[in-house]
Structure formats: structure tokens, C-alpha cells
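Residue strings, one per chain:
2 protein chains.
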Amino acid sequence: MRKSRHAVVSLGIAFAVALSAAARAQTTVPYDELARTEAAANAENGKRVAPLKSIGNPGDEVSPEMLAMIGAPYPPHFNADPKSAAEWKELIDRRAKLAIANIPAMKEKLGVKVEETKIAGVHCFIVTPAKIPTENRRRLLVHVHGGGYVFGPGEAAIPEAIMMAGYGGFKVISVDYRMPPDFPYPAAMDDAMAVWKEVVKTNDPRRMAIFGTSTGGAMTLAMVLRAKDEKLPRPAAIAPGTPWADIGNIGDSYESNEWVDNVLVTWNGWLGRAAKLYANGESLKNPYISPIYGDFKGFPPTILTSGTRDLFLSNTVRTHRKLRRAGVVADLNIYEGQSHAQYQFNISAPETREAFTDIAKFFDKHLAE
Amino acid sequence: MRKSRHAVVSLGIAFAVALSAAARAQTTVPYDELARTEAAANAENGKRVAPLKSIGNPGDEVSPEMLAMIGAPYPPHFNADPKSAAEWKELIDRRAKLAIANIPAMKEKLGVKVEETKIAGVHCFIVTPAKIPTENRRRLLVHVHGGGYVFGPGEAAIPEAIMMAGYGGFKVISVDYRMPPDFPYPAAMDDAMAVWKEVVKTNDPRRMAIFGTSTGGAMTLAMVLRAKDEKLPRPAAIAPGTPWADIGNIGDSYESNEWVDNVLVTWNGWLGRAAKLYANGESLKNPYISPIYGDFKGFPPTILTSGTRDLFLSNTVRTHRKLRRAGVVADLNIYEGQSHAQYQFNISAPETREAFTDIAKFFDKHLAE
Numbered sequence: 034m035r036k037s038r039h040a041v042v043s044l045g046i047a048f049a050v051a052l053s054a055a056a057r058a059q060t061t062v063p064y065d066e067l068a069r070t071e072a073a074a075n076a077e078n079g080k081r082v083a084p085l086k087s088i089g090n091p092g093d094e095v096s097p098e099m100l101a102m103i104g105a106p107y108p109p110h111f112n113a114d115p116k117s118a119a120e121w122k123e124l125i126d127r128r129a130k131l132a133i134a135n136i137p138a139m140k141e142k143l144g145v146k147v148e149e150t151k152i153a154g155v156h157c158f159i160v161t162p163a164k165i166p167t168e169n170r171r172r173l174l175v176h177v178h179g180g181g182y183v184f185g186p187g188e189a190a191i192p193e194a195i196m197m198a199g200y201g202g203f204k205v206i207s208v209d210y211r212m213p214p215d216f217p218y219p220a221a222m223d224d225a226m227a228v229w230k231e232v233v234k235t236n237d238p239r240r241m242a243i244f245g246t247s248t249g250g251a252m253t254l255a256m257v258l259r260a261k262d263e264k265l266p267r268p269a270a271i272a273p274g275t276p277w278a279d280i281g282n283i284g285d286s287y288e289s290n291e292w293v294d295n296v297l298v299t300w301n302g303w304l305g306r307a308a309k310l311y312a313n314g315e316s317l318k319n320p321y322i323s324p325i326y327g328d329f330k331g332f333p334p335t336i337l338t339s340g341t342r343d344l345f346l347s348n349t350v351r352t353h354r355k356l357r358r359a360g361v362v363a364d365l366n367i368y369e370g371q372s373h374a375q376y377q378f379n380i381s382a383p384e385t386r387e388a389f390t391d392i393a394k395f396f397d398k399h400l401a402e
Numbered sequence: 034m035r036k037s038r039h040a041v042v043s044l045g046i047a048f049a050v051a052l053s054a055a056a057r058a059q060t061t062v063p064y065d066e067l068a069r070t071e072a073a074a075n076a077e078n079g080k081r082v083a084p085l086k087s088i089g090n091p092g093d094e095v096s097p098e099m100l101a102m103i104g105a106p107y108p109p110h111f112n113a114d115p116k117s118a119a120e121w122k123e124l125i126d127r128r129a130k131l132a133i134a135n136i137p138a139m140k141e142k143l144g145v146k147v148e149e150t151k152i153a154g155v156h157c158f159i160v161t162p163a164k165i166p167t168e169n170r171r172r173l174l175v176h177v178h179g180g181g182y183v184f185g186p187g188e189a190a191i192p193e194a195i196m197m198a199g200y201g202g203f204k205v206i207s208v209d210y211r212m213p214p215d216f217p218y219p220a221a222m223d224d225a226m227a228v229w230k231e232v233v234k235t236n237d238p239r240r241m242a243i244f245g246t247s248t249g250g251a252m253t254l255a256m257v258l259r260a261k262d263e264k265l266p267r268p269a270a271i272a273p274g275t276p277w278a279d280i281g282n283i284g285d286s287y288e289s290n291e292w293v294d295n296v297l298v299t300w301n302g303w304l305g306r307a308a309k310l311y312a313n314g315e316s317l318k319n320p321y322i323s324p325i326y327g328d329f330k331g332f333p334p335t336i337l338t339s340g341t342r343d344l345f346l347s348n349t350v351r352t353h354r355k356l357r358r359a360g361v362v363a364d365l366n367i368y369e370g371q372s373h374a375q376y377q378f379n380i381s382a383p384e385t386r387e388a389f390t391d392i393a394k395f396f397d398k399h400l401a402e
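Chains as they are written, first to last, in my numbering: chain V, 34 to 402; chain R, 34 to 402.
Hint data in this document are derived by calculation from the structure and do not stem from the laboratory. Hints are supplied without guarantee of correctness; some may be wrong.
If chains are identical, the list can't say which one is meant, so a pair holds when it fits in one copy or spans any two.
Calculated cross-link-like contacts (lysine-lysine; reagent style DSS-like; alpha-carbon spacing at most 30 Å) [stated by the list, open to error]:
#1 K130 to K80
#2 K394 to K309
#3 K230 to K318
Using the sequences and the accompanying hints, generate a full structural model.
If you want it as C-alpha cells, here you go:
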């Protein structure tokens, strides 16, 4: 099915791309003809045929800083296909360097300091804001970074932790968990759980939250599943941002927002390859890998964030509904026009401050002082 | 810009449609070629080119009843273009008959009775469930139906009111407001406000909510704007379902979900024509017509509902964010795979019960007893 879909798609694209810009401008096919061909293509039950589209930037209530991200070309690595551990590492290192280059300015601007440490043998960063409000003095957040279980090693892990510390006024521990190609599942989860198990010994979990975006969102959910199964304390709240809740290519927006999302673009690029590398033969429906297949009963209050163009829009809303169905307090925030995780890429965008402020308010409401 | 987009789209479609099913099956264009052509088509800032797609039904956590709706062909009237008042009326009557035919079974199944009345001279329906829970005895909901300001006259107005009464155990007044072609803006809003002004004389607004879907969602928002401006009491909560908050063709999902949503399909069909018929020369940015341009400060707690394929996904999330930015309690629920308003089309779908139960719980939380 997938194959034949791509075949049809490809021909449509190839044909359209073959038209020169001049030819396009000279062609005027009336809307009514499009409506007729679309109606004919959609006469069959169970599938939806959408035409080739050119989608402009969303309207001017989106900030210029966010529009610059929304309208950007696909990232150069979207279809990366590393053939060996060495090729993966080269790609991972290259991207990490880009992320790390931005960190000094980010720390400076948001007024946070970063220290390295080991917790239960796991490399971590302690991210502390210059000012911690009184109500947050005894509160502690644990951060698990995103990056498809491959990107974001070392200091590249911490941009989101810096934003949460800076905008929210919280002390944050960011876990630099082990990743493929050297350490597939369950290393990342084992590291995150080792840190959790250690920090709850000396901190009251009623004053703690776990958060993370994308892969970090999936890990946040999976950590609560494991805490339940291992009879460990659970956090008082969680913020899985656009969580990779289904690591398999399952969920409506994997199709409807494919090639529309300009961050992840498609599951069939590096993303699905990273999924398989991480799972390393484990079922993609293992709830510690795809937490959407876990039991959400007893989960703490949860705040979720996504965008209308997000490839993980369905991951996010499926998680939200499943939480609600399990009786969990769950708050959903979807941003106009944003692709995957764009609410946490640029501290100059007002939507970034907005997203982290919303999460901070949610934590403030649900965490003990 | 719109014209040239449609031109490109049309050619893509025409080409794809021209391929016979057999030819499609025989063609195998590799994914990597698609990735290359898409990357090339997306090398420019400020626009997103998405290829022709065939999207299958979402996964099996969606109920069979909902999947039957999600996978259905476009409605026959999606591109209706009535050329006269008589042609509009013929279309409106034809669709009303279909809606009305389902009402007796719906009343029976949900155990509600319906009476006609006039309130402040406006034709209304009083929809009463057989059992009203104690906490709802003194509560009253006002319903404004959907239908693009043209569809849903008379008894065709009430299916959603029946669902709310039946699933929520509330007494509901459904306003059969005047509509085009005979009565353009502001007749619909004037009728709804006349009813509101009258019922708050004898009912405590702290025990009242307003709700409606699509056009009814926009009217719900616009009624609060008018209540503010006219110094009338405001309801204690509102439930604008997938509100037509921007009646103009503005909002990202008008493009990203165009031809993906199988209920409204495109703004350029009957929908945009109805918008212009209703506005009747008024600005489409008049906040009583497009409430997204109003001031949401002081709004009551609001619950919003939409779906990932909804043409009004952006209308819904723009409204949600604007409410949050104004400091309003606002709850957002997005259903996997649903097109516009599909959560309120079939009482046999579990998602329908779920959506109305969520709204009822929200009202229960925010309305005085």
C-alpha cells in the first residue's frame, strides 16, 4: 500500500516539477476542474486523495521569528540514510556541533548556569536559573531531550532544559542518556530511570515533574509507565511535548502532514531509520518504546504541545485522548502553522516563551511547593 | 497566488487521474526519487509544496462507525454554486429533509422530547431529556446550530441540541435563527441575541452555557462579544465546537487540510459562497462575523473540539490560543482523523458520546447548580 501510494505521488510531483515556472504561470486550470477531478478521485470509500499543493505561510498573528521557521526549506538531513555506525556518528556529531554553538548565547540571554554531574552513574546536566521564585525553591524538574534517540548527545541535550529553567524559574536535571548506534533500547530508558530512581530518594516526587519534547516526550510517558510497573514514585506532573508516542508509522498525521512538516518531513527518512536502529529488533509496539500502547491509568496531570503542521499531531492528540479516557487531567495546546517541535527552537520567538510559560503555569498548579 | 496554486495542483491531479489503476500498479517510483523532487520543490522560503497523496483511514483505535464517516467520499453538495435565492432554497430544503428524517430515531434513542416555542419573537425548540440529574435541574443551555449560516432551518437545527440534552442531561433551547438568502447578517445574530436577552431575565446566567458547532461555534463566540459590548450577562461557560472563527479563507488548515477534510472539503466551494452571501457586503473581519478578530478578555471558560483533518483545525486552535492569551480557561480536544464536526454526526459512534460527555463535564464544572 505504502509503495503504491508513493508511486502515484511521485509521478504527480515529477510531472509538476517538470513544468517550468513559465509554463506554470501560463497555465490556468479553473478551480471547477480541480473540484471535479478531486471529487472523482475521492469517490471510493476508505481513502482520501489530496492534490499536490503549494501552501503559503500562515497569517500575521504568527510572529515573524516563527514564520521564518515555518517557511524554511526542509533540513538537509531529513532523508539521511547512514549505512554504518560510523556514518551515524558523523551525522550525529555534525548536528550536535550546530546545537552546541548556540548554547552560550542562550544561557546568557535566559540567565541560567549549567553544571555537569553524574547521577547513578549517568552523565547529567544541572541547569539552574539565576532567580528561582520562592514557590519553586524545593521543586525539581527532570528533562529528557529529543532527537529520535540518536541526536542530542552531551551538551546538545540541553537547549530545552535551558528554556524551561529560564522561562519557568525551575532547577532542571537534564539526562544525557546513552543512545544508538552504540546503545540501542533499552539503554536510554535505563539511564533515565536510574536517574529518576536516584533523585526521588532525596527529593519529594510531589514537587517534581518530568518533561521533554519528541523522543523526550515519548520517554517522559514511558518513564511514568516504568515507574508504575516498578512501583517507583511518579512525578506530580509531566509535559510530553509532541511525543513520539507511536514510534511506528501509525497515526493519521504521519500521512496528512507528510511533506507538510518541514522539521521531520516524513517517517520514511532518517526518522524511521532511527526508530529501527533504536528498537534494535524489539517490537515497535512495546509500550516502553511506543508508550501509546501502554496503560495511562494513574498518570499525573499532563500538558501536551503540538502544531497544526506537526508530523506528530496525531501522536499528540492520540496521547491526549487516551489520557482523558483513562481519567487523567490532560491539557492540549496546538500552535497555528507550526511543524514538529518548532515551539522550542528559537528563544527569540514569542511563541517559544508562550509555550514554556504555559508549561510552567501547569507545573505550578500541580506541583507541591 | 490562489489561482496559480490551483493551476499547479490541477495539473498534478489531472495527470494522476489519467493513469489507469493498472498503470499505477505497474509503476514503481522509488521513495528516494520522491524525496529528491520534494526537497527541490521546497528549496524556497515561505511556501511548502506537498505532493499528491492518497491517505488511508486512520488506525483501529478509531471506531468503525467513525471510520465509515472519515473514509466517505465528499458530500455531493461540497462544490454547490447556487445562482439565485431559489437555487439556494432548493439546496437548503433538500439537505434539511435529509437531516429531519433522522430526528425521530435520535429522539427515541437518546430519550428526549422536543417542543416548539417563540422566545422574544424568535422560533425556538425546547429540547428536554427524560431524566435531568439533580445538579442540572436549574441549569439551561442555549444552542445555536451549524450549517454555514444557510443550512439547518427549522427542525434541521436540532440534532446537536438533542445530543447535548441526551448525553449531558441538560435542558436546551435551540434557536432557529433567520438565515440567508432572505436574511443575511445581522439577522442570525440579532435573533440569537434576542433569545439570550430574554432568557437571562428569568434564568441565572451563572447556571447557563451557550454551545454550537461550526457556524454555531462562531455564533457562540460572537454572542459573548455582543453580550460584552451590550452589557448583557455572559454565560458561565461556552462550547464552540470547531468554530468558524474566521469566515474568510484565512488560517493554515484552510490550505493544509483542503481536499483532506471530507465534510467541508474547501473554502472555495459552497462554504465561501455562503460566507459572502451571509456577510452581504460587510467586512469578513467584522468580529460579529469572524469572532477571531474580537477581544476575548473576560470570556467564560471555553471548551473547543476539532479533528486532525478538520478544515477548521486552524480556526479552532487560533481561537484556543487567543483565549489563553486573554487569560481565559480554555480546553482543547482534537480527535484523531476526524474531518469537520464529525464528532456530532452519528450518535452510534462512541466518539460522539465521548465528545458530548466531555463538554457536559466541562459545563458541570463551571456552571452553578
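Going through the hints against the structure:
Proximity of K130 to K80 under the C-alpha cut-off of 30 Å is restricted to the inter-copy arrangement: shortest distance 28 Å between copies versus 43 Å within a copy. Taking the shortest Cα distances, K394 and K309 never come within 30 Å of each other, neither inside one copy (36 Å) nor across copies (41 Å). Only within a single protomer do K230 and K318 lie at most 30 Å apart by alpha-carbon distance; the minimum there is 25 Å, versus 55 Å between protomers.
In terms of the numbered hints stated before, the structure departs from hint 2 and from no other.
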